[in-house]
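**Q** Sequence:
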Amino acid sequence: IQGANARCVAMLNAFKAVIRDYHTPPAKTLNRDLESRLRPQIQYLVDCRPVGINMGNSITWLKATIAKLPAHMPEAEAKEALCAEIDSFIAERITLASAAIS
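Numbering (the working numbering), first residue to last: 51 to 152.
Check each hint, because a few of them may be wrong.
Unchecked claim - In the EDC-like style, the derived pairs of lysine to aspartate or glutamate whose C-alpha atoms are separated by at most 16 angstroms in a straight line are: (1) K113 / E85; (2) K118 / D71; (3) K66 / E135; (4) K118 / E142; (5) K78 / E125; (6) K113 / D83; (7) K66 / E130; (8) K118 / E85.
Source of the hints: derived by calculation from the structure; they are not laboratory data.
Throw the hints in and build the complete structure from the sequences for me.
**A** Here it is, written out as structure tokens:
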């Protein structure tokens, strides 16, 4: 994958796949447990290659979005909302921003 934007989009799409496959353990809430499950994957990306500014901002945004999920929201609905938010983020903050600059 070449280019900062392409790497960021690929990372966010990988996180979407993780979110879709994720299942909340008993006695845990999605908004607290999911972030802790993503942490090792984020660290792996950092260890492989320093993250760019846009990837760092995207990770921060994703963590904040996960934290804002209501604890009482059903898992399937929360996962769908997160994936939709990621798609919106990619479209608005990466694709459209890149097109506006070009």
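**Q** Would you mind marking each hint as holding or not holding in the structure?
**A** How the hints compare with the structure:
| no. | hint | in the structure |
| --- | --- | --- |
| 1 | K113 / E85 | holds (6 angstroms) |
| 2 | K118 / D71 | violated (20 angstroms) |
| 3 | K66 / E135 | holds (10 angstroms) |
| 4 | K118 / E142 | violated (20 angstroms) |
| 5 | K78 / E125 | holds (11 angstroms) |
| 6 | K113 / D83 | holds (11 angstroms) |
| 7 | K66 / E130 | holds (10 angstroms) |
| 8 | K118 / E85 | holds (11 angstroms) |
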